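J.: One line per chain: the protein sequences are A and B, in this order. Throughout the first sequence, residue numbering follows this note's numbering, covering 1 to 281 in sequence. Throughout the second sequence, residue numbering follows this note's numbering, covering 1001 to 1277 in sequence.
Simulated from the structure, these hints should not be mistaken for laboratory data. Keep in mind that this is a model prediction, so the values were computed, not measured. Just to be clear, a hint being listed does not mean it is correct.
To be verified - Simulated restraints, written as ranges between beta carbons of each label pair:
hint, chain 1, residue 1, chain 2, residue 2, range
1, B, K1267, A, Q60, 15 to 25 Å
2, A, A94, B, N1177, 45 to 55 Å
3, A, F163, B, T1056, 44 to 54 Å
4, A, K7, B, V1264, 32 to 42 Å
5, A, N90, B, K1132, 39 to 49 Å
6, A, I84, B, Q1055, 16 to 26 Å
7, B, F1165, A, A94, 13 to 23 Å
8, A, L267, B, E1002, 23 to 33 Å
9, B, L1146, A, S176, 51 to 61 Å
10, A, N90, B, I1136, 43 to 53 Å
11, A, L184, B, L1146, 37 to 47 Å
12, B, V1144, A, L149, 49 to 59 Å
13, A, W6, B, T1011, 51 to 61 Å
14, A, S176, B, Y1066, 52 to 62 Å
Claimed, not checked - In silico EDC-like cross-links for lysine to aspartate or glutamate, where the CA-CA straight-line distance does not exceed 20 Å:
hint, chain 1, residue 1, chain 2, residue 2
15, A, K96, B, E1091
16, A, K96, B, D1162
17, B, K1219, B, D1162
18, A, K272, B, E1080
19, B, K1081, A, D275
C-beta: ideal position from N, C-alpha, C; glycine also.
If you want the building blocks of each chain, they are given just below.
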Amino acid sequence: MLEVMWKYDFLQYAFFVGIVIGFLAPVLGVFIVVRRQAMIADALSHITLTGIAFHLYLAQSATFLQTVHPLYMGMGFAVAGSIIMERLRNVYSAYKELAVPIILSIGIGLGVVFLSLADGFNNDLFQYLFGSIIAVSQGDVWLISVVALVVVLLLFFFYKELFFMSFDEEQAKISSIPVRSVNLLFSVMAALVIASSMRILGILLVSSLSILPVAAAMQVAKSFKQTFLYAVLFGEISVIAGLITAFYLDVAPGGMIAIFALILLLLVLSGKKYDKIRRLR
Amino acid sequence: MEWTFIERGFTAALIIGLIAPLVGAVLAVRRSSIISESLSHVTLTGISAGVLLSQTVNMVSINPLYTGFVFALAGSLIIEKLRQTYSHFQELASPIILSAGVGVSAVLMSISPSGYGEWYDYLFGSIVSVTKEDLIFISVTAGVILLIFSLYSKEIKSVSFDQEFARVSGISTSHINFIFSLLVALVISMSMKVVGVLLVGALISLPVASAMQFAKSFKQLLGWSVLFGEFAVLIGVYTSYHFNIATGGMIVVILAVIMLAAVVLRKNSMLYRLLNR
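Extracted from the complex, chain A is given alone in its bound form (with noise of 0.2 Å):
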C-alpha cells in the first residue's frame, strides 16, 4: 500500500483529504444530530450539487470560469441554501420539518436541470454523485485546509454556546446567547464541511460520515466528550478503510466509505444486543 502511495500524487491527496474530512464530519455530525437537525447535511449536499452544476453550465459561455474550482459554487449554493432553510422554516412554522425536503428536492431537480443543459450526462456526473480518489487534486488538498482551518478556529471559539444552544435553545436565548448568529455560523459551517468533503463522498454520501459514525457513538459513550471522540474513531477507520478498499476494487468512494461506517454501526448495535442478554441472564 505504502508503495503505490508514494508513487501516486492522487492518492496522497485523496488520503489527506479523507483523513481531514474523517475528523470533520463526524464532528460536525455531532452537534448535527443532538439538534435534531439529522437530514439537513442531505439537503445541503443536494443543493451543492445545484451549484456545481450552474457552475458547469455557467462555465460553458463563460470561458474565465473553467479555470475557477466549480466546489467554490457549491459552497456558495450551499451556504445560501441554508439561509433559504431557515426563511422556509417560518413561512411553514407549523410544518418546519417541510423544509428540509423541500429543499433536498428543488436542489437535485434544479442540479439535474442545469446539468442537462451542460452536457454534464457523462461519466464526471457519477464522480459528483458518488466520489472518486482519482479525482481529488491539489487545490481540493489547499481548500479543504483552509476549510478545516476556519471551522476548527469557529469550533474552539463558540464550543460553548453550540453546546448550550445544542441542548437548549431557550435558556441559551434567556441567557442572553445570539442565537439567531450562532444558528447561522453553524449552517455556514455545516454547508463548508459538506461542500469540501463531497469530492471523496460524493453528493449523495456526504451525510453518511457525519450521521452514520454518530449513530455509532451514541451507542457506546457515556458522556458528550466520548460521543466526539468515538464518534471521531468510527469515522477515520471508515474513512481510511473505505479508501483502501475502493482503491483496490475499483469501485466509488464514497460508497464503500458509507458501507465500512455502517458495518461498524450494526457491530455496535449487535454487540449491545448481546451484553443486553448476556447480563439478564
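Fit chain B to the supplied structure of chain A, relying on the hints for placement.
T.: Structure of chain B alone, referenced to chain A:
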C-alpha cells in the same frame, strides 16, 4: 392497440401526477415527508441489485422495479425498528437508512459491467424509456394504492391527525403504519421510471407544500396537491421532451416555481388584507 412511447410516457406521468401528491399530502400531515426521501434512496439499492442480478446470472430476468419495491418495503420496516433503537433520536432513522441505501447502491453500480448512462434513467427519470410492462406495473400499483386508500381512508385520517386518539378508539396504529409504509414503497417504485429515484421525493412533498398555502380543509389539501402535481407533470414532460432535459428535473423545476408563486401570493394577500383593514 400499439401506443407510441410518447403516449405511454404521458399516461404514466398522468397517473403518477395523481398518486404521488395524494400520498404526499397524507405524509405531510403525518409529519413524515422525509420518509419518502430515505425510502426512494433504498429503492435505488433494490434497482441496482436487480440490474446486477440479471446481468450476472443469465437465467434470471427480473424487472428491477420489483426488486426496488421489495427493498423499499424492507427499508420501511427497518426504519420502524431503528426508531425503537434510537427512541430519543427517532429522526436519526431516516438518514441512517438513506446513507446505507445509497452507499450500497454506489458500490453495486460500480461493480456492474454496464456503463453509467443506463443508471441515469433510473436516477433522474426519462419518459422515453417507459415500456409497456412498466405502464402495466404503474397502472396496477396505482389501482392498488387507490383501493387501499378508499378502504382505509377513515383509519388513515385519524391516525394521521392524532395517533393517541386513534389508538384509544380501537384502531391498530401499527397495522395502519405498516399499510402506510406499503403505500409509500408502492408510490416510489411506480414513479421511478418517469421522475427518477432521486426526484420522487419532490413530487411527494412539493405539491403539498404549495397546497398548504391555500387549502382550508384536508379535502382541499388533497385537491390542490393533485392539481399542482398533474400540472407540473404535464408541463414538465412536455418541456423535457422538447428541450431534451431530464424529465424528473424539469418536473421539479415546475413544482418549485409553483411553490414559489404560492408562497409569494399568500404573503401578498396577507399584506393586502393588512393594508385594507
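J.: If a hint holds in the structure, say so; if it doesn't, say that too.
T.: Checked hints:
A beta carbon spacing of about 36 Å between K1267(B) and Q60(A) contradicts the range 15 to 25 Å that was offered as a hint. Restraint check, A94(A) to N1177(B): a C-beta distance of roughly 22 Å breaks the suggested window 45 to 55 Å. At roughly 50 Å, the beta-carbon separation of F163(A) and T1056(B) lies within the given 44 to 54 Å, and the hint holds. The beta-carbon spacing between K7(A) and V1264(B), approximately 57 Å, falls outside the hinted interval of 32 to 42 Å.
The hint said 39 to 49 Å for the Cβ distance between N90(A) and K1132(B), and at roughly 47 Å that hint holds. Between I84(A) and Q1055(B) the C-beta distance comes to about 41 Å, which lies outside the given range of 16 to 26 Å. Our hint of 13 to 23 Å for F1165(B) and A94(A) holds, since their Cβ atoms are close to 19 Å apart. The hinted window of 23 to 33 Å between L267(A) and E1002(B) is violated, with their beta carbons roughly 54 Å apart.
About 55 Å separates the C-beta atoms of L1146(B) and S176(A), a value consistent with the hinted range of 51 to 61 Å. Distance hint check for N90(A) and I1136(B): the Cβ-Cβ separation is about 45 Å, which falls inside the suggested range of 43 to 53 Å. Distance hint check for L184(A) and L1146(B): the Cβ-Cβ separation is about 45 Å, which falls inside the suggested range of 37 to 47 Å. Against the hinted window of 49 to 59 Å, the Cβ-Cβ separation of V1144(B) and L149(A) comes to about 55 Å, which satisfies the hint.
A beta carbon spacing of about 59 Å between W6(A) and T1011(B) agrees with the range 51 to 61 Å that was offered as a hint. About 58 Å separates the C-beta atoms of S176(A) and Y1066(B), a value consistent with the hinted range of 52 to 62 Å. Between K96(A) and E1091(B), the direct Cα distance comes to roughly 14 Å. Compliance with the 20 Å bound is thereby established for this hinted pair. A threshold of 20 Å between alpha carbons decides the hint, and for K96(A) with D1162(B) the separation of about 18 Å falls inside it, so the pair holds.
Simply put, K1219(B) and D1162(B) have alpha-carbon atoms about 17 Å apart, close enough for the 20 Å limit, and the pair holds. Of the supplied pair hints, the one linking K272(A) and E1080(B) holds, its CA atoms being roughly 19 Å apart against a limit of 20 Å. Restraint check for K1081(B) and D275(A): satisfied, since their Cα atoms lie roughly 19 Å apart, inside the 20 Å limit.
In the structure shown, a violation is registered for the earlier hints numbered 1, 2, 4, 6, 8, in ascending order.
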